[in-house]
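Asker: Residue strings, one per chain:
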Amino acid sequence: MSGPSDFQPTNPALKWIERRLPIMGLMHSSFVAYPTPRNLNYWWTFGAILSLMLGVQILTGVILAMHYTPHADLAFKSVELIVRDVNYGWLLRNIHASGASMFFFAVYIHMFRGLYYGSYKEPREVLWILGVIIYLLMMATGFMGYVLPWGQMSFWGATVITNLFSAVPYFGETIVTWLWGGYAVGNPTLNRFFSLHYLLPFVIAGVVVLHIWALHVAGQNNPAGVEPKSEKDTVPFTPYATIKDMFGVSCFLLFFAWFIFYMPNYLGDADNYIPANPGVTPAHIVPEWYYLPFYAILRSIPNKLAGVVAMFGAIIILAFLPWLDSAKTRSSKYRPLAKQFFWMFVVVCIGLGYLGAQPPEGIYVIVGRILTVCYFAYFLIVLPLLSRIEKPRPVPNSIADDVLAKTGGKSAPMVSTVIALMVAGGLLVGGAHDARADDHGDKPPGQKWSFSGPFGKFDRGALQRGLKVYKEVCSSCHGLSYVAFRNLAEAGGPGYSVAQAQAFASDYKIKDGPNDQGEMFERPGRPADYFPSPFPNEQAARAANGGAAPPDLSLIAKARSYKRGFPMFLIDFFTQYQEQGPDYVAALLQGYEEKAPAGFNLPEGSHYNKYFPGHAIKMPKPLNDGQVTYDDGSPATVAQYAKDVTTFLMWAAEPHMEARKQLGLQVFVFLILLTVLLYFTKKKVWANAH
Amino acid sequence: MTTASSADHPTRRDFLFVATGAVAAVGAAATVWPLVSQMNPDASTIAAGAPIEVDLTPIAEGQDIKVFWRGKPIYISHRTKKQIEEARKVAVSSLPDPQSDEQRVKPGHDQWLVVVGICTHLGCIPIAHEGAYDGFFCPCHGSVYDTSGRIRQGPAPANLPIPPYSFVSDTKIQIG
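Quick note, the sequences are listed as chains V and G, same order. Residue numbers for the first sequence follow the UniProt record's numbering, beginning at 1 and rising by one. Residue numbers for the second sequence follow the UniProt record's numbering, beginning at 1 and rising by one.
The hints are simulated quantities; they were obtained by calculation from the structure and are not laboratory data. Note that the coordinates shown come from a computational prediction; the quantities given were computed from them, not determined experimentally. One or more of the hints may lead you astray.
What the hints assert, rightly or not - Think about it this way: if two alpha-carbon atoms lie no more than 25 Å apart in a straight line, the pair counts; the simulated PhoX-like pairs of lysine-lysine are:
| id | chain 1 | residue 1 | chain 2 | residue 2 |
| --- | --- | --- | --- | --- |
| 1 | G | 72 | G | 106 |
| 2 | V | 471 | V | 509 |
| 3 | V | 621 | V | 471 |
| 4 | V | 511 | G | 172 |
| 5 | G | 81 | G | 172 |
| 6 | V | 471 | V | 511 |
| 7 | V | 232 | V | 621 |
| 8 | G | 89 | V | 511 |
| 9 | V | 468 | V | 457 |
| 10 | G | 72 | G | 89 |
| 11 | G | 66 | V | 511 |
| 12 | G | 172 | V | 509 |
Unchecked claim - Pair ranges (Cβ atoms, derived):
| id | chain 1 | residue 1 | chain 2 | residue 2 | range |
| --- | --- | --- | --- | --- | --- |
| 13 | V | 665 | G | 36 | 17 to 25 Å |
| 14 | G | 67 | V | 574 | 25 to 33 Å |
| 15 | G | 107 | V | 59 | 16 to 24 Å |
Stated by the list, open to error - Just a sample of chain G residues kept apart from chain V, beta carbon distances all over 12 Å, derived:
| id | residue |
| --- | --- |
| 16 | 110 |
| 17 | 112 |
| 18 | 158 |
Backbone N, C-alpha and C define an ideal beta-carbon position, used for all residues, glycine too.
Extracted from the complex, chain V is given alone in its bound form:
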């Protein structure tokens, strides 16, 4: 994309095409011969990482759309069926869901890099503005994608975000109704969000082409911030930048794979494993971590319209950056004051992100307001002022001089920044965790689970005993509607044979029909049938249980969580702790107390439970010692029952967990090998350039 190329293919057939459509010349001049500054550091790799992530998201997204059903009654279930039944469906879904987070993670680094090195300055203004447009499109796409699984957070996130537009004077309500296609968020909303979520990535891809075009016209900026002057300042894109990017991408994939295979729910919200319920709002509505800073700005401003304006303004202001900062020196490396303010700005953004995840009360509101002022002050006061008063240090004469100037000892600050950023990112994510799971119950004690950690496997005995407890106790009130009898015989499950699963199924009466006479009838269960629910509908369940419908248990182990707090959530990332759900369920089953503590006002028909949020639970104490007979000599105690049935429910919530961890190990071995090889290849290739 940098003018006509002198590339000529030798093959006559290719020559024939090239004369008519010079596509090979275009590719050659854009991605092979294209001169790239030789002093680029690894922060520049995030451009390549972002291209990769866009590709990954489009590819996995197109595939998921083959299996997903965009209907309010079916969407949640179809996502579960993808994860449970489609070949590698769990893998594709994990890639797509954590891929969104990785995409934003990379784009934030890419943007901060542009900010630090002045990549928005003349002649790269249009390049920068195109980037801001891509970022806006990404936010819209990410938001609509998060709505599609149609869980509680999807539904209420959609409600809250679309309601932002109701702040528009006079037309607000009309606009919101138009966005919804109804009087509330519902099936029409889901349908259009699906359509747009499919469309927008291709719009992004189009703008990315413009972004890269603009980049190849202006040429890449570089850490020194001086334009290349001679041949000595640049190296050809291939092999130098290509191999370096490949190494960077490979490192990034290791980070990505950690989420895909070991922490798939770390960045998600337990509430989103509860199907959307228009009648109940979750205690804390928290957007995905990548929107938190802007969410904090929104909440800092006590006026509805002003809050919305400020939130959008915080993004739009980026587009004016080239004119707000008119300093001649590009790179903050040579701007002692700008450099310090840049890092302060980074801290402000992370601080806002942290606050966005906290409940909007007390000190959080005050700090939020201060940081919001700081955010805007950076753009509107600090940068314009600095460009007038700051005295920059001299910039190197040329890129080649810059490269010669720093030999050795340059990697240390890079490593420390990476670590600092990781910690900060962790803080942000952890902040999001903090706000989740209403915390009026005691903290459940951590249990030892056979399925935790990178090599965790389900204890087959516990699964079989847990199934017995479910069948004999839980199933009288709770359904297990996403689990089929055939699952009992699948690898990574309770370890029954196909015949055993068949026999187990035939004990159940399944409603089928209509037959030729148009009547429903009952027949013995088959392996393909799902566990029947004890009540025909939610109203019946509610009526039979004192007004509280017993939740379906298929996903309960993933749909419940509790606050981990600082610094546990950071440690959790490295220890792969994700057993909040099982810990909570096991604790709840054992948390009943005969009498509520003095002073606690227990409502009629409720029972006191130490671990239940609010302590007053409608479910009576379900398990008692000796209630279920075990054949394998395990103790018939409540503690053992609780542990077994929780193990079983964890398997029910994620039947392919063992496959996930097993494939994860293989992928990690492979990626580490590839990364090491790419590192040495990169060193060899670059040996020629220095």
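Chain G: place on chain V using the hints.
Answerer: Same frame as chain V, now just chain G:
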């Protein structure tokens, strides 16, 4: 760019490049597999394709029913004596897809013809009891099948396939 300094360690350097490329290629190939495999029938579809049992008692002589197995229509015809005779009279060698009627029914159950009701031409569903041979007639492109479901006229290349089935009792079959 291997030319300049490859004289120093030609083999080691080339080995590194080839090894890296090979490992990357293996990774790319392995990545493709889940992307392809996901389009195969999923576990619930496979489970739903389990064998079914069909009760034959309600089907009177000369009648037929259509049941679905794995999403395919299966015709079960209770053939009359005349239909069986017609099917057995024809010289097998004269047929486009030579098969005797005995090969197409279960021994001892001559009156029951069980065929997949999908035209072997392009997948339309033939109509039972139509066409010149009192068998099946496909309205899409005019293929005519006889009372044994064998192709007699028209563009279809083969006889209507027989699904896997067996008699559980004299009045009950299991398909699949």
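Asker: Hint by hint, note whether the structure agrees.
Answerer: Okay, the hints, checked on the actual structure:
About 21 Å separates the Cα atoms of residue 72 (chain G) and residue 106 (chain G), which keeps this hinted pair within 25 Å; it holds. Note on residue 471 (chain V) and residue 509 (chain V): the hinted pairing holds, with a Cα-Cα distance of about 14 Å set against a maximum of 25 Å. Note on residue 621 (chain V) and residue 471 (chain V): the hinted pairing holds, with a Cα-Cα distance of about 17 Å set against a maximum of 25 Å. Between the alpha carbons of residue 511 (chain V) and residue 172 (chain G) the distance comes to roughly 22 Å, so the proposed pair stays at or under 25 Å and holds.
At roughly 20 Å between alpha-carbon atoms, residue 81 (chain G) and residue 172 (chain G) fall within 25 Å of each other, so this suggested pair holds. Among the hinted pairs, residue 471 (chain V) with residue 511 (chain V) is consistent with the structure: their alpha-carbon atoms are about 18 Å apart, no more than 25 Å. Taken as a hint, the residue 232 (chain V) and residue 621 (chain V) pair is broken in the structure, with Cα atoms around 77 Å apart against an allowance of 25 Å. For the proposed pair residue 89 (chain G) and residue 511 (chain V), the alpha carbon gap of about 47 Å is over 25 Å, so the pair is violated.
With a CA separation close to 20 Å, the supplied pair residue 468 (chain V) and residue 457 (chain V) stays within the 25 Å bound. A distance of roughly 30 Å separates the Cα atoms of residue 72 (chain G) and residue 89 (chain G); the hinted pair therefore is violated under the 25 Å criterion. A C-alpha spacing of about 23 Å is found between residue 66 (chain G) and residue 511 (chain V), which places the hinted pair at or below 25 Å, so the restraint holds. Between residue 172 (chain G) and residue 509 (chain V) the CA atoms are separated by roughly 22 Å; this keeps the pair inside 25 Å, and the hint holds.
Range check, residue 665 (chain V) to residue 36 (chain G): about 23 Å between beta-carbon atoms, so the 17 to 25 Å window is met. Between residue 67 (chain G) and residue 574 (chain V) the Cβ separation comes to about 57 Å, which falls outside the hinted range of 25 to 33 Å. Distance hint for residue 107 (chain G) and residue 59 (chain V): a CB-CB separation of about 54 Å, inconsistent with the stated range 16 to 24 Å. Every Cβ of chain V is farther than 12 Å from the Cβ of residue 110 (chain G); the closest lies at roughly 26 Å, confirming the non-interface assignment.
For residue 112 (chain G), the shortest C-beta to C-beta distance to chain V comes to about 19 Å, beyond the 12 Å cut-off, and the non-interface label holds. The Cβ of residue 158 (chain G) sits about 31 Å from the closest Cβ of chain V, beyond the 12 Å cut-off, so the non-interface label holds.
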